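Engineer: Single-letter residue listing:
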Amino acid sequence: MSTGPGLAELVAADPGAWLRRAGAWDGLSRALDDRAAELERTAPAGWTGADADSAARDRAELVRRLRTEAGAATRAAQALGRHAGEVLDAQRRLVVAALGVHPEFVVDLERGTVAPVAGRPLALLRGAASLARLAPDLVRLADAVDDAVADAARSDREAAAALGALHPVAGRGSLSVVPAAAPTTGAADVAAWWAALPADAREALLRTRPELVGGTDGVPVAERDRANRVLLDAELARLRAWSGTLAASGAGAAARRAADTVAGLEAVRRRLDAGGALLLGLQRGGTGGRVVLAVGDPTRAAHVVTHVPGTGAGWAGVATDLARVEATRDAARSAAPGSSVAAVLWTGYDAPPDLAAAAEVGPARRAAGDLRAFQAGLRAGHDGPVHLTVVGHSYGSTVAGHAAAEPGLAADDLVFVGSPGTGARHASELGVPPGHVWATTAGNDPISRVPGADLFATSRALAPPALAHGADPSVPSFGARVFASAPGPLLPGPDDPATAVDESEPAAAHGAYWDRGTPSLAALGRIVAAAPGAW
Amino acid sequence: MHDAGRPLPPPGPGTARTDPDALDGAAAALDRVADALLADAAGGGAWPAAPGFATGAAAVAWEDAAVRATRGHAAHADGAAGALRASAAAWRAADDAAAAALAGRPA
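If you read the sequences in order, they're chains E and D.
Numbered per UniProt numbering, the first sequence spans residues 1 to 535.
Numbered per UniProt numbering, the second sequence spans residues 1 to 107.
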């Protein structure tokens, strides 16, 4: 059951489209009334007898049903239109509240964050005056957000209930009823449910509920791919229009974000068009967007690797993450020539949008179940035995670690790359066989300097050196098999005038593990292909 | 032979009377209604995605049911048109048979 819209979903909603649909339903209502009136006008005159009586009763029943459903369509249109109006009003109040925040700060309603304007990154934390100035604004904004989301959720419940009570009754000769609810008991059950559906029901579901078909683990990958391509095209069209609107209105930062997102989805479309790829998931999600894209055939390949990216992952970052996925696959095929390898980019969760959000463990905990379900679907949907590997990068390793915290994760090997911690104190706590937990962290990767024990209570009392999310998996005491990685570019010194002022530079080593020719990429290839090698 | 242009006297109680051309006309009207209902049932295309909103799923379900019901009514109207045509054809066949029998009867 839906828990109602959150802030991101309220912001992303398109009540204008609902209003247009309500208008269409109103049109259906008028049309049904017109058909009923035409039936009454055209009853045959001068016809009497038993057959005439029977025909008149039949006609009267059809007229009655048409009028009944015309009334239901009117009420449904009213319920949907009223809901659209309430959501529009909630969105308006959000915008008004955001505009009321001091101009020194930028409110990102899509992500639910407030940050100093660009170029003044530490202004928020530096001065008590700044905090004092921001605090009342934040309280007002938070209240407005709470009220708007609550009102949208209430309206949503009322509208859904009203529509549920207005279901038309199919007339004689109606089509077969399509079962719209997939089981929620696991990928294997979903696979069985899907296989048992009649072909026309499967096709109808794919056409009318692409988000259900495309996002359900256990549905065959070919059908998921078809459904998600429908969603991809719809999202691209929506975002291109949105990006154009923002650019025209002079909303610079928002327009750039929208353009980046469009570019990311276009990268997905290009990769799909190139062939040999399947789109297994596409959802707006709550932060940067969710996407699950497989290169190769995960149902037949002997080796399947799932790459879980970290902070900032989403639709806008697909090109970078996809390049890493392709590099891993190439490395695995080089390590075991002749073996079939599929590689999956799994951004099937709401990745933290920034480092501050990445300090929280909540996103990893929430993602863990989805990753487990996805891996179970890979195993259940595979044609025969398969070697499965999960590679978590950065915050993605925290996700992978939490997914493996309980026995039963469908993964034969588990790899942590540039990890800020996995939530585990020791490799033996993870639900994969001994000797199949792997880790590496580059010497100059700043992730190894992210404070944990000192700042975040979640990592206190952990024995090995503690990072933001627990023990460092790339130190020997953790118990993982540590493999080498190049040190990567040096960190810039804080007072070194020769250091370029480039905020992305400190992260260079954090993303260099997939660079061609590096020992880390070669090792990843051998792990994914289960190939022997020196570590 | 039947005479479509002949005015019918008012029927008495329990009397069966018909005008096959009127039945055909009514059947054609039902065909038009059935076609129009099928067009009404074409729907509005894919529902705009609304993640997080239960109304999205409820609206899709309502619309699916409305489309199925409207198609069902189109089939109903189509069936009624067929029944009217069958009734008209049966009346004509019976009238022709009676005329032929009477024509062969010795004066």
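Just so you know, the hints here were simulated from the structure itself, not pulled from any lab data.
Among the clues, some could well be false.
Said to hold, decoys possible - Only some residues are given here: those of chain D computed to face chain E with a beta carbon under 10 Å: (1) Ala-22; (2) Ala-29; (3) Val-33; (4) Leu-37; (5) Ala-39; (6) Gly-56; (7) Trp-62; (8) Asp-64; (9) Ala-77; (10) Ser-87; (11) Ala-89; (12) Ala-93; (13) Ala-94; (14) Ala-97; (15) Ala-98.
Claimed, not checked - Ranges between beta-carbon positions, derived for each pair: (16) D:Gly-82 to E:Gly-164: 32 to 40 Å; (17) E:Arg-82 to D:Ala-39: 38 to 46 Å; (18) D:Arg-32 to E:Val-106: 23 to 31 Å; (19) E:Glu-266 to D:Ala-39: 18 to 26 Å; (20) D:Ala-100 to E:Gly-49: 52 to 60 Å; (21) E:Ser-340 to D:Arg-32: 21 to 29 Å; (22) E:Arg-67 to D:Arg-32: 15 to 23 Å; (23) D:Ala-39 to E:Asp-189: 34 to 42 Å; (24) E:Ala-237 to D:Gly-82: 21 to 29 Å; (25) D:Ala-101 to E:Ala-199: 28 to 36 Å; (26) D:Gly-82 to E:Pro-385: 41 to 49 Å; (27) E:Gly-49 to D:Asp-96: 14 to 22 Å; (28) E:Arg-270 to D:Ala-39: 37 to 45 Å; (29) E:Ala-199 to D:Gly-82: 22 to 30 Å.
Nothing here was measured: the structure is a model prediction, and the numbers come from that model.
Ideal Cβ positions, reconstructed from N, Cα and C, are used throughout, including at glycine.
Engineer: Each of the hints needs a verdict: does it hold here or not?
Structural biologist: Tested hints:
1. Hint on D:Ala-22 holds. Least Cβ distance to chain E is approximately 5 Å, under the 10 Å limit.
2. For D:Ala-29, the suggested interface contact is upheld, since its CB lies about 3 Å from the closest CB of chain E, less than 10 Å.
3. A distance limit of 10 Å between C-beta atoms decides the matter here; for D:Val-33 the minimum to chain E is near 5 Å, and the interface restraint holds.
4. A hinted interface residue such as D:Leu-37 counts as satisfied when its beta carbon comes closer than 10 Å to some beta carbon of chain E; here the least separation is about 6 Å, so the hint holds.
5. For D:Ala-39, the interface hint holds, the least distance from its beta-carbon to any beta-carbon of chain E being 8 Å, beneath 10 Å.
6. Against a cut-off of 10 Å between C-beta atoms, the interface hint on D:Gly-56 holds, since the closest Cβ of chain E lies about 9 Å away.
7. The beta carbon of D:Trp-62 is positioned within 10 Å of a beta carbon in chain E (closest approach about 5 Å), and the interface hint is therefore held.
8. At about 6 Å, the closest approach between the beta carbon of D:Asp-64 and any beta carbon in chain E falls short of 10 Å, and the interface hint on this residue holds.
9. Using the Cβ-Cβ criterion of 10 Å, the hint placing D:Ala-77 at the interface with chain E is satisfied: the shortest such distance is roughly 7 Å.
10. The interface hint given for D:Ser-87 holds, since its Cβ lies 6 Å from the closest Cβ of chain E, which is under the 10 Å cut-off.
11. The beta carbon of D:Ala-89 comes no nearer than 13 Å to any beta carbon in chain E, farther than 10 Å, and the hint placing it at the interface is violated.
12. Because the smallest distance between the Cβ of D:Ala-93 and any Cβ of chain E comes to about 14 Å, over 10 Å, the interface hint for this residue is violated.
13. Nearest Cβ of chain E to the Cβ of D:Ala-94: about 12 Å, over the 10 Å cut. The hint is violated.
14. A least Cβ separation of about 18 Å between D:Ala-97 and chain E goes past the 10 Å threshold, and the interface hint is therefore violated.
15. The restraint placing D:Ala-98 at the interface with chain E is violated, with a minimum CB-CB distance near 16 Å, outside the 10 Å limit.
16. Between D:Gly-82 and E:Gly-164 the Cβ separation comes to about 35 Å, which falls inside the hinted range of 32 to 40 Å.
17. Take E:Arg-82 and D:Ala-39: their Cβ atoms lie about 28 Å apart, and the range 38 to 46 Å is violated.
18. D:Arg-32 and E:Val-106 have their C-beta atoms about 60 Å apart, which leaves the hinted 23 to 31 Å range violated.
19. A C-beta distance of roughly 37 Å is found between E:Glu-266 and D:Ala-39, which places it outside the suggested range of 18 to 26 Å.
20. The hinted window of 52 to 60 Å between D:Ala-100 and E:Gly-49 is violated, with their beta carbons roughly 23 Å apart.
21. Our hint of 21 to 29 Å for E:Ser-340 and D:Arg-32 is violated, since their Cβ atoms are close to 59 Å apart.
22. The hinted window of 15 to 23 Å between E:Arg-67 and D:Arg-32 holds, with their beta carbons roughly 18 Å apart.
23. For the pair D:Ala-39 and E:Asp-189, the supplied restraint of 34 to 42 Å holds, since their beta-carbon distance comes to about 40 Å.
24. Checking the proposed 21 to 29 Å range against E:Ala-237 and D:Gly-82 shows it is violated: the Cβ atoms sit about 43 Å from each other.
25. A C-beta distance of roughly 54 Å is found between D:Ala-101 and E:Ala-199, which places it outside the suggested range of 28 to 36 Å.
26. Between D:Gly-82 and E:Pro-385 the C-beta distance comes to about 58 Å, which lies outside the given range of 41 to 49 Å.
27. The given range of 14 to 22 Å is respected by E:Gly-49 and D:Asp-96, whose C-beta atoms sit roughly 19 Å from each other.
28. Take E:Arg-270 and D:Ala-39: their Cβ atoms lie about 38 Å apart, and the range 37 to 45 Å holds.
29. Remark: the range hint 22 to 30 Å for E:Ala-199 to D:Gly-82 is upheld by a beta-carbon distance near 29 Å.
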